[in-house]
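There are 2 protein chains.
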Amino acid sequence: MSLRITLSLAAALTFSAGVAIAAPAADEPIQPIPAAKVKDANLVELGKKLYFDTRLSKSGFISCNSCHNLSMGGTDNLKTSIGHNWNKGPINAPTVLNSSMNLAQFWDGRAADLKAQAGGPIANPGEMASNHALAVEVLQSIPGYVDEFKKVFGSDKVTIDEVTKAIAAFEETLVTPNSRFDKWLKGDKKALTATELAGYNLFKDSGCTACHNGPAVGGNSFQKMGVVEPYTATSPAEGRVAVTKDEADRFNFKVPTLRNVELTYPYFHDGEAATLSKAVETMGRIQLGKNFTADENAKIVAFLKSLTGEQPSFKMPILPPSSDATPRPTPFEK
Amino acid sequence: MSLRITLSLAAALTFSAGVAIAAPAADEPIQPIPAAKVKDANLVELGKKLYFDTRLSKSGFISCNSCHNLSMGGTDNLKTSIGHNWNKGPINAPTVLNSSMNLAQFWDGRAADLKAQAGGPIANPGEMASNHALAVEVLQSIPGYVDEFKKVFGSDKVTIDEVTKAIAAFEETLVTPNSRFDKWLKGDKKALTATELAGYNLFKDSGCTACHNGPAVGGNSFQKMGVVEPYTATSPAEGRVAVTKDEADRFNFKVPTLRNVELTYPYFHDGEAATLSKAVETMGRIQLGKNFTADENAKIVAFLKSLTGEQPSFKMPILPPSSDATPRPTPFEK
Chain A
1 MSLRITLSLA AALTFSAGVA IAAPAADEPI QPIPAAKVKD ANLVELGKKL YFDTRLSKSG
61 FISCNSCHNL SMGGTDNLKT SIGHNWNKGP INAPTVLNSS MNLAQFWDGR AADLKAQAGG
121 PIANPGEMAS NHALAVEVLQ SIPGYVDEFK KVFGSDKVTI DEVTKAIAAF EETLVTPNSR
181 FDKWLKGDKK ALTATELAGY NLFKDSGCTA CHNGPAVGGN SFQKMGVVEP YTATSPAEGR
241 VAVTKDEADR FNFKVPTLRN VELTYPYFHD GEAATLSKAV ETMGRIQLGK NFTADENAKI
301 VAFLKSLTGE QPSFKMPILP PSSDATPRPT PFEK
Chain B
335 MSLRITLSLA AALTFSAGVA IAAPAADEPI QPIPAAKVKD ANLVELGKKL YFDTRLSKSG
395 FISCNSCHNL SMGGTDNLKT SIGHNWNKGP INAPTVLNSS MNLAQFWDGR AADLKAQAGG
455 PIANPGEMAS NHALAVEVLQ SIPGYVDEFK KVFGSDKVTI DEVTKAIAAF EETLVTPNSR
515 FDKWLKGDKK ALTATELAGY NLFKDSGCTA CHNGPAVGGN SFQKMGVVEP YTATSPAEGR
575 VAVTKDEADR FNFKVPTLRN VELTYPYFHD GEAATLSKAV ETMGRIQLGK NFTADENAKI
635 VAFLKSLTGE QPSFKMPILP PSSDATPRPT PFEK
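Protein sequence lines correspond, in order, to chains A and B.
1 is the number of the first residue of the first sequence in our numbering; add one for each residue after it.
335 is the number of the first residue of the second sequence in our numbering; add one for each residue after it.
Only chain A is shown next, with the shape it has when bound in the complex (with noise of 0.2 Å):
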């Protein structure tokens, strides 16, 4: 009990002193991001199946994990995600990391949550090209599924809303704590090097945490594209105005968290930045009428690569078997 005590005051005497010698996170633009919360994890182990289940999918061949990769950052590492019979994507998938802490899903915010936005590219003609009718209907003859769905609703019919919170349930996991710049906003100072400091005193003094800011760096509000200089966009999405139907939306998109961003190229609605580089070019240039020098981009882009945190870890899912009764994919069909 004695060395209990003694261990819990040393360690509440090196977290005090460690915030009082680096600046306390509560002053900085950026907050640590906290660790996943498993609430249950019989629904969230059911999520993870059902994100990586082609199943889902009107061909056999597609699963959430396709375009949304937890390999490649959450990303697909393309400008535009190939969908059903190769159909090219309108617009850059987005990461599924620390999407929990978005304002609203999609680029245009059309989905209020990860529930809300789950069920959309299954039923995406351009994505994975099924229904929620046969979404449902596959995952009702499967027998393995039946009794997941039983264990953690309670019934044996399964619901596309079931599925949708159980996706939502999965994704919220997915978040990325202890990043180095989040170890250095907890006061350890030698998790940054100087020049990685020195490009997020220019990241905040340029002005970048007017709308990369929070714990997701990003994510909690819609920003017109192209502020000062407009932006020549090659995807034909019109942004926040496709939902609200206000002309003052137009061009508004929701601000990406740079959270992993190291991992989430290539950039911008459009993916048409390549490289880090590119993309804070752009962004100086077009949001904040600056023109970073070389050096500066170089030290913009050290301290975003200070914000990959850790990736979920997880042992991939081994899928329960289709039935006889399971209506096969249909990948060539018209």
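Bear in mind the hints are in silico, worked out from the structure with no lab data behind them.
Warning: the hint list may mix true and false statements.
To be verified - Only some residues are given here: those of chain A computed to face chain B with a beta carbon under 8 Å: (1) Ser-59; (2) Leu-70; (3) Phe-153; (4) Thr-275; (5) Ser-277; (6) Pro-317; (7) Ile-318; (8) Ser-322; (9) Asp-324; (10) Pro-329; (11) Lys-334.
Ideal placement from N, C-alpha and C gives every residue a C-beta, glycine not left out.
Mind docking chain B on chain A? Use the hints.
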């Protein structure tokens, strides 16, 4: 010390007793699968990353795991696979599980081993559609990979030989021991139900084990498809003759493993048998001249499902990010 001796002795007695009661595995045409032995953990880990890396494809969208999905029995559960530009493949993707036990790779055995196989799909225009020079250029441009290749192979220069060696080393770990059937083989008489055991006896007595034998329950010979009755395939594949140029080998295919066959639907080289029941019916008829009754068919299917082993269990790999110099995927370029 005395406790340890006592326990060992008890274990030995239990084992002997089990073997004495049940038929010893050595008398059966099927043998248990031994667990994988990892010789070089770093090599296997590198191979796992490469297996999941879509950057080995021209599109940046297709990895080894796309068609040999380790969440789905090491297959894509499609009649024939989907390749670059939504190309419809000519043949059913065989499972990668236990493929190290095959006498050769591909349905026609045109690759001597897994290392020789691994290079094929990367450069096949209808599959991953890249080429070996580009694949190596991509990997060489990724600092995280250069470090890992150096650690494993001792050189700064990545070669396709190293790439396929690493992928093959990972694939060699993808074995599925401890199926219920293997437990029965090892003496646990309660591991099979009476129906499953009846199915196994039918499987043996009908002559299925003439081809489906050994630890992989197949994979160790080429046999003509359609011995008693001709088989009209929907696939253009000619079989072993494509390799040997010997007309006697026309429509000879590698006998597929039946391990995990519950998970590897649909069946046959053209994927035309959607269910195990259909596959058993067709095989009985065209290979053995037998028309199984519905009851016999169900018993054999029950036995076959007892061949599902422990699936490979590992953490999703996190892939090292591309650098600014990495050639970008070109999914829509002709």
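Verification of the hints:
1. Ser-59: holds (7 Å)
2. Leu-70: holds (6 Å)
3. Phe-153: violated (22 Å)
4. Thr-275: Since chain B brings a Cβ to about 5 Å from Thr-275 (chain A), closer than 8 Å, the hint holds.
5. Ser-277: With a minimum Cβ separation of about 7 Å from chain B (threshold 8 Å), the hint on Ser-277 (chain A) holds.
6. Pro-317: Holds: closest Cβ of chain B sits about 6 Å from Pro-317 (chain A), inside 8 Å.
7. Ile-318: Ile-318 (chain A) check passes; min Cβ-Cβ to chain B is 5 Å, inside 8 Å.
8. Ser-322: holds (7 Å)
9. Asp-324: The hint holds - Asp-324 (chain A) has a Cβ within 8 Å of chain B, the shortest such distance being about 5 Å.
10. Pro-329: Where the cut-off is 8 Å and the nearest Cβ of chain B is about 6 Å from Pro-329 (chain A), the hint holds.
11. Lys-334: This hint is violated: Lys-334 (chain A) lies away from chain B, its Cβ roughly 12 Å from the closest one there, beyond 8 Å.
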